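Listed below, chain by chain, are the residues.
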Amino acid sequence: MSMTATAGHTHADPHQIGRVVEHTGPAPKRIVTAYGFWIFLISDIVMFSCFFAAYAVLVDQTAGGPKGSEIFDQRNVAIETVCLLLSSFTCGMASIAADEHNRFWFYLGMAVTCVLGLIFLAVEFREFADLVARGYGPSRSAFLTSFFSLVGCHGLHVSAGVLWLLTMMAQVFAKGFRADILRRMRCFALFWHALDIIWVGVFSVVYLLGSGA
Amino acid sequence: MLGKLDWSAIPFGQPIPLIAGGVVLVGVLAVLMWVVVKGHLPYLWHEWITSVDHKRIGVMYILLASVMLLRGGSDAIMMRIQQAIAFQSQGYLPPEHYNQIFSAHGTIMIFFVAMPFVIGLMNLVVPLQLGVRDVAFPTLNSVGFWLTATGALLVNLSLVVGEFARTGWLAFPPLSELSYSPGVGVDYYAWSLQISGVGTLVAGINLVTTVLKLRTKGMNYLRMPMFCWTTLASNLLIVAAFPILTATLAMLLLDRYLGFHFFTNEAGGNVMMFMNLIWAWGHPEVYILVLPAFGIFSEVVSTFSGKALFGYRSMVLATMAICVISFMVWLHHFFTMGAGPDVNAIFGIASMIIAVPTGVKIYNWLFTMYGGRIRFATPMLWAVGFMVTFIIGGLTGVLVAVPPADFMLHNSMFLVAHFHNVIIGGVLFGAFAGFEYWFPKAFGFRLDERWGKLAFWFTFSGFYITFVPLYVAGMLGMTRRMQHYDVAEWRPWMIVAAIGMAVLSIGVICQIMQLVVSIRNREALRDRTGDPWDGRSLEWATSSPPPVFNFAFHPDVRGEDAYWDMKVHARKQALEHAVPEYHDIEMPRNSPTGFVCAFFATVMGFALIWHIWWMVILGAIGAFATFVVFAWRDHDEYVIPAAEVAAIDRVNLEERRSLVSMAGAV
Chain A
1 MSMTATAGHT
11 HADPHQIGRV
21 VEHTGPAPKR
31 IVTAYGFWIF
41 LISDIVMFSC
51 FFAAYAVLVD
61 QTAGGPKGSE
71 IFDQRNVAIE
81 TVCLLLSSFT
91 CGMASIAADE
101 HNRFWFYLGM
111 AVTCVLGLIF
121 LAVEFREFAD
131 LVARGYGPSR
141 SAFLTSFFSL
151 VGCHGLHVSA
161 GVLWLLTMMA
171 QVFAKGFRAD
181 ILRRMRCFAL
191 FWHALDIIWV
201 GVFSVVYLLG
211 SGA
Chain B
1 MLGKLDWSAI
11 PFGQPIPLIA
21 GGVVLVGVLA
31 VLMWVVVKGH
41 LPYLWHEWIT
51 SVDHKRIGVM
61 YILLASVMLL
71 RGGSDAIMMR
81 IQQAIAFQSQ
91 GYLPPEHYNQ
101 IFSAHGTIMI
111 FFVAMPFVIG
121 LMNLVVPLQL
131 GVRDVAFPTL
141 NSVGFWLTAT
151 GALLVNLSLV
161 VGEFARTGWL
171 AFPPLSELSY
181 SPGVGVDYYA
191 WSLQISGVGT
201 LVAGINLVTT
211 VLKLRTKGMN
221 YLRMPMFCWT
231 TLASNLLIVA
241 AFPILTATLA
251 MLLLDRYLGF
261 HFFTNEAGGN
271 VMMFMNLIWA
281 WGHPEVYILV
291 LPAFGIFSEV
301 VSTFSGKALF
311 GYRSMVLATM
321 AICVISFMVW
331 LHHFFTMGAG
341 PDVNAIFGIA
351 SMIIAVPTGV
361 KIYNWLFTMY
371 GGRIRFATPM
381 LWAVGFMVTF
391 IIGGLTGVLV
401 AVPPADFMLH
411 NSMFLVAHFH
421 NVIIGGVLFG
431 AFAGFEYWFP
441 KAFGFRLDER
451 WGKLAFWFTF
461 SGFYITFVPL
471 YVAGMLGMTR
481 RMQHYDVAEW
491 RPWMIVAAIG
501 MAVLSIGVIC
511 QIMQLVVSIR
521 NREALRDRTG
531 DPWDGRSLEW
541 ATSSPPPVFN
551 FAFHPDVRGE
561 DAYWDMKVHA
571 RKQALEHAVP
581 EYHDIEMPRN
591 SPTGFVCAFF
601 ATVMGFALIW
611 HIWWMVILGA
621 IGAFATFVVF
631 AWRDHDEYVI
641 PAAEVAAIDR
651 VNLEERRSLV
661 SMAGAV
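Protein sequence lines correspond, in order, to chains A and B.
Here the first sequence is numbered in the working numbering, starting from 1 and rising by one per residue.
Here the second sequence is numbered in the working numbering, starting from 1 and rising by one per residue.
Pulled out of the complex, with its shape left as it was, chain A reads as follows (with noise of 0.2 Å):
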């Protein structure tokens, strides 16, 4: 074969630095895509820096309307963080359990890990349709347009991740721990892991700082 007929004419290490470590060839799929993955969420985080950039922009427009620290109920707040992050903590346990292909903690883990989801999505929808009713709504003013786009597209992000980890049980149920499912829980745990970090953001940036003042 031509293409393997040049060896030893190579200039590997061209300067003489020792430490050339040749490309061994293509990555295996499971790395790939994690890797893949792991862009896209890079790109999520984007978009979500600019929601989080039009917040800190709007946030003085109240036109009239209510600030921050007239709204924003820290019991809310603190019963969705803690769902969000023991969230976490399941879901990190549900990836353990299909890496080891133990199907009952996996279950239990994802089944755990949906109903924390949900929780935080009642509380915020709660927290929603209670400012809608007192007349806060997006329209009231720069700010809330601001505030309900940031929140709710975490909560857009969370609603897909809970259809996600549903779709996951079914494959699993359906197909078992095959390498291509492995592969998608995964990507759903990466999925998870980084909508914590950005509640996080949304915590400290909107409801912290905005319960001050």
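It should be emphasised that the hints constitute simulated quantities derived from the structure, not laboratory data.
Bear in mind that the values here come from a model prediction, so they are computed numbers and not experimental data.
What you were told as hints is all true, and nothing was included just to trick you.
Below, a list of computed lysine to aspartate or glutamate pairs in the EDC-like style, where the Cα atoms sit at most 16 Å apart:
#, chain 1, residue 1, chain 2, residue 2
1, A, K175, A, D99
2, A, K29, A, D180
3, B, K307, B, D534
4, B, K217, A, E22
5, A, K29, B, E637
6, B, K213, B, D134
7, A, K29, B, E586
8, A, K29, B, D134
9, B, K217, B, D556
10, A, K175, B, D634
11, B, K217, B, D134
12, A, K175, B, D636
13, B, K213, A, E22
14, A, K29, B, D636
15, B, K307, B, D565
Here the structure of chain A is known, so what remains is to put chain B in place on it, guided by the hints.
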């Protein structure tokens, strides 16, 4: 039931869009009829529409771009004619139609011509250059293409059902807000860009992962062909910039659909935030387009000069420097909007700094040519034409990067001339160079050189006749997007520009003729060796067109210019005649996922534009169901047996050996 949609959406009173739309519709139907009657439908479905082969997807991207180039070009012709005759008169286009045309022209040329053209070339070539069998995510690749096609379809649909935006190609608020643009035009614009934007993001993630994780043995980063480097830089920018576009358009849509106040005049909305966000995407976008073109020129100049690329490492450095700095210059698009002298100065300086790595590239190309044995084949003509043109465009760019000068030239025809100078001279010339250069690889026969050269000279001179007058008109104070004007000094320049447009159009016709003539003479133009240009990188190491698996073996790379090296040493040592041992190859199975997904995206997009909510829900459920069905597949790969691989590979090997031994004898 049908939301805002009723018969008033069809422009019965306006002959131009109605006739244009009718002609397109008849054309599409005729092609469909021909395909069905001739029995090509199964072939198209199995071999192209559902294909996950990166080469075929690349070809389909380029086909989409070429068709849309004709559409965007027709818009350009109409605008040039309008401005040539609309002196102290209304011209032939009513203002609301003229406004739609310049908005559609910009949107189409950037999103549905330039983007698919460069993404198509990257798709086609990069896996071959890296010596691998496919991209990282083949099915997602198909999804990305079809979503882009959905966006293009929706834009074209706006021609006959409803209207397109009248806001310019970036839909600045407050003009694009509901209070000033109550029609569906902005919604067509925003939803088609949202959908095709998802497609672009998918392509970006795919190509970044491909370059970083799928390279053949020995293909270290600093042995990658230049085109792979620029692809990496360009797609990193896609991953970092397109989410900003998605978020910005989402905010605009929330304003329009749910009464939010991101960019409105009321309730504390902030228009300047839109400017910052859209240009934080928009400036990287121009580098997303031009960096792959730089890569194409690097390949072409090196091949046709018969020399390795001069200053390879400085080229890599310049590419990555542009990749980073391109995120630090966005504010130069609105110096006049009152950010203050300090901020303007910083962004002005950054804009001039980004010209430095570009200058490095120009010198590298010149030094590559210096002392080389240059062959002026058509791709090389485009490359040289690019260098001349791009330097002029770059210099006028540095000029408008000076804030005080920009205060004079902002939104003038000078600016229009400048960005056409860099986008046509850079991206479009690059796309054409790449098209001529890699066409034999994709289809197995060369393009006719005579028509190709004619196309180049008409396009090249047509470009100057069209856009140099616009520089002058800008200097004379003419602002952009004028439906009519009363200043007599501008008139002659507008007429010259219209003549230039005619010359440009002859160039396009030559390009089409080239394709027709070449297809007719394809047997005479056949490329049997897979290496028609005496190339240097790995795409030339396989047959033309390459087999579905690209390479029977993963090539083993030992240095830069991998294939050139192989040829040089094969000549010296005489070819090994040992019969290689072939293995089974696993390839991804074709899948209609992309097409079905795009079908539902089209339904959903159309329903969202016209507020048909039940149809939106139906589309969403359909899209989710498609993903689940895809995820439920048990067999996503098939095996090509070793015997078949051997049979395919041996044919090419024989041709190549005879070529190398002939060359060795000289």
